[in-house]
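Got chain A; can you put chain B on it based on the hints?
Protein chains in written order, with our numbering: chain A, 1 to 302; chain B, 1 to 302.
If you are wondering where the hints come from, they were derived from the structure by calculation, not from laboratory data. It cannot be assumed that every hint is accurate.
Identical copies carry no separate label here, and so any pair may be met within one copy or between two of them.
[To be verified] In silico lysine to any residue, SDA-like type, Cα no more than 25 Å apart, as pairs:
{"hint": "1", "residue 1": "K158", "residue 2": "E181"}
{"hint": "2", "residue 1": "K46", "residue 2": "E296"}
{"hint": "3", "residue 1": "K110", "residue 2": "R245"}
{"hint": "4", "residue 1": "K273", "residue 2": "R51"}
{"hint": "5", "residue 1": "K46", "residue 2": "E295"}
{"hint": "6", "residue 1": "K156", "residue 2": "D226"}
{"hint": "7", "residue 1": "K110", "residue 2": "I13"}
{"hint": "8", "residue 1": "K110", "residue 2": "E240"}
{"hint": "9", "residue 1": "K156", "residue 2": "Y111"}
2 protein chains.
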Amino acid sequence: MFAVTILGNNSAIPTLERHPTAQVVTCNEQLCLVDCGEGTQLQIAKYKIKRSRLRYIFISHLHGDHYFGLIGLLNTLNLLGRTEPLSIYGPAPLEQIIQLQLDSAETQLKYELSFVPLTPGYSGIILIDKELQVSCFPTQHRIPCFGFSFEMQKRKRKLLPDQARAYEIPAAYFSKLQDGEDYRRKDGTIVKNDWVTLPPPPAKRYVYCADTIYDTGLLRWLEGADLMYHETTYLHELHERAAERYHSTAVQAASLAAAARVKQLLIGHFSSKYTELGPFLEESRPIFERTAIAEEGVTFLV
Amino acid sequence: MFAVTILGNNSAIPTLERHPTAQVVTCNEQLCLVDCGEGTQLQIAKYKIKRSRLRYIFISHLHGDHYFGLIGLLNTLNLLGRTEPLSIYGPAPLEQIIQLQLDSAETQLKYELSFVPLTPGYSGIILIDKELQVSCFPTQHRIPCFGFSFEMQKRKRKLLPDQARAYEIPAAYFSKLQDGEDYRRKDGTIVKNDWVTLPPPPAKRYVYCADTIYDTGLLRWLEGADLMYHETTYLHELHERAAERYHSTAVQAASLAAAARVKQLLIGHFSSKYTELGPFLEESRPIFERTAIAEEGVTFLV
Numbered sequence: 001m002f003a004v005t006i007l008g009n010n011s012a013i014p015t016l017e018r019h020p021t022a023q024v025v026t027c028n029e030q031l032c033l034v035d036c037g038e039g040t041q042l043q044i045a046k047y048k049i050k051r052s053r054l055r056y057i058f059i060s061h062l063h064g065d066h067y068f069g070l071i072g073l074l075n076t077l078n079l080l081g082r083t084e085p086l087s088i089y090g091p092a093p094l095e096q097i098i099q100l101q102l103d104s105a106e107t108q109l110k111y112e113l114s115f116v117p118l119t120p121g122y123s124g125i126i127l128i129d130k131e132l133q134v135s136c137f138p139t140q141h142r143i144p145c146f147g148f149s150f151e152m153q154k155r156k157r158k159l160l161p162d163q164a165r166a167y168e169i170p171a172a173y174f175s176k177l178q179d180g181e182d183y184r185r186k187d188g189t190i191v192k193n194d195w196v197t198l199p200p201p202p203a204k205r206y207v208y209c210a211d212t213i214y215d216t217g218l219l220r221w222l223e224g225a226d227l228m229y230h231e232t233t234y235l236h237e238l239h240e241r242a243a244e245r246y247h248s249t250a251v252q253a254a255s256l257a258a259a260a261r262v263k264q265l266l267i268g269h270f271s272s273k274y275t276e277l278g279p280f281l282e283e284s285r286p287i288f289e290r291t292a293i294a295e296e297g298v299t300f301l302v
Numbered sequence: 001m002f003a004v005t006i007l008g009n010n011s012a013i014p015t016l017e018r019h020p021t022a023q024v025v026t027c028n029e030q031l032c033l034v035d036c037g038e039g040t041q042l043q044i045a046k047y048k049i050k051r052s053r054l055r056y057i058f059i060s061h062l063h064g065d066h067y068f069g070l071i072g073l074l075n076t077l078n079l080l081g082r083t084e085p086l087s088i089y090g091p092a093p094l095e096q097i098i099q100l101q102l103d104s105a106e107t108q109l110k111y112e113l114s115f116v117p118l119t120p121g122y123s124g125i126i127l128i129d130k131e132l133q134v135s136c137f138p139t140q141h142r143i144p145c146f147g148f149s150f151e152m153q154k155r156k157r158k159l160l161p162d163q164a165r166a167y168e169i170p171a172a173y174f175s176k177l178q179d180g181e182d183y184r185r186k187d188g189t190i191v192k193n194d195w196v197t198l199p200p201p202p203a204k205r206y207v208y209c210a211d212t213i214y215d216t217g218l219l220r221w222l223e224g225a226d227l228m229y230h231e232t233t234y235l236h237e238l239h240e241r242a243a244e245r246y247h248s249t250a251v252q253a254a255s256l257a258a259a260a261r262v263k264q265l266l267i268g269h270f271s272s273k274y275t276e277l278g279p280f281l282e283e284s285r286p287i288f289e290r291t292a293i294a295e296e297g298v299t300f301l302v
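Chain A with its partners taken away, still in its complex shape (with noise of 0.2 Å):
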């Protein structure tokens, strides 16, 4: 399974109806969270993650409300007892964030923690693990802010069983030839790879842009990505102040969607002053109409 779980879809104040920034992408069984405010170890709790498959965190940038809730799930799964590694991509003064708010606990994790800087303006590779890749690229924020894009490529061939049976390759060999070996038969003579199996379906790609101004820069991350996650802190009528603090409106989330052919456009961010959020779909599905709200709770497949 390949997706994305919401826990968080509130912009800087928080309300009590809907809580700061977090995500969670669902790898198979690997576990990644994206962005942390204040409150995620509850809303992990309430829609039941399991805490222990999750290995990665990734915080798109320093603003209290994608990271205020960091330090207390690092100190929560020490109580309860993990050991099994995690590690964090962030801005570098993170680490020393977290390490301060440790020390002064005078806390010892009992699992390993590795923290991985991102380097303001950095794009590229970050982690390649199983069947999981991720990648970053800089936003234009008020501070220095990463997007990430998650992909998922099934590294194994599609088997074709009738075709491997026909040239009597035994059933016991067929996970090499889902690995890409060809067949040698006892004769010597070989039985190709590609006579046998079709290539891995392509990599399924989940994009993150974090919280961004209105940035056609961004496309070439976006392009033809099965699902893309972009804030929407304003609607149109505010598009003035969306810029003036490096944020967005539905109608430029969705623009960019439609221009760089995604498959489907989740939004989010949203400034507390909204109590109904309607009004963004409202605003966004004329110009992407596969638009929908990143509601707390619901995992939407990529």
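Below, chain B alone, put in the same frame as chain A:
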């Protein structure tokens, strides 16, 4: 009004039902926040605490369940346009923790934030403002930890209007009488203040014992308090675990309350292993009858 409103009564691992430690002490128009676990700002919103009247924040120690919500609250007050000054009293490293996070977000607070570091082991008066006086004292915990004693002293003397009129003192002078001044009549004779007023009522006192192992050394701070808060992380059957972890049981808190002859005991900081809190009362009330659970959202008069 002199009262305590409970915002959180749980210990370190947060649950969906109970929140980490936070209390609001109301002293007429001034509000003090005592500890500030993750999510406190939402509890403040939920229970309609007037944020604009919040003037002082006291942090007992740097375990996360007592302060991880502070940076989020400070940030939200700023986003909401606060201009009134705010003072934080707490262990020294807290100042750097806050400043580092403000700097990383390039946030300049629009209100004056002052920080008063508490030296490990220090006891004494730390604040005098209007009718409020606050002292701190050390408690015995795994890391440096402070309790706080809040005293509300009505400074005005009680006027006896019949007596004042009998001495022909004009009503316009009554407030000066309440401030303790004598009255000089036209014929030059003096009406002594204590002929027409009574001393102010004795100060009321709320003592917050923060996190602590069972420690009779606390009695000197508790003696005769009108309301005392003591943690009861565990029930008696786990008193060994309590001691190992520098926490207390309900029996221990009630024993201290009885020995200190306080008027009322509030208990909280319950381990998240307990879903029912009734047994805490069953254990403490046979030892100290006037015990109450520090229930979230409830206000206790001092």
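Status of the hints after comparison with the structure:
1. K158 to E181: within (12 Å within a copy, 96 Å between copies)
2. K46 to E296: both (11 Å within a copy, 19 Å between copies)
3. K110 to R245: between (40 Å within a copy, 17 Å between copies)
4. K273 to R51: between (32 Å within a copy, 18 Å between copies)
5. K46 to E295: both (14 Å within a copy, 22 Å between copies)
6. K156 to D226: within (20 Å within a copy, 71 Å between copies)
7. K110 to I13: Between. Shortest inter-copy distance 16 Å satisfies the 25 Å Cα cut-off; intra-copy 33 Å does not.
8. K110 to E240: between (48 Å within a copy, 23 Å between copies)
9. K156 to Y111: neither (32 Å within a copy, 58 Å between copies)
Hint check: a violation occurs at hint 9 only; the rest are consistent with the structure.
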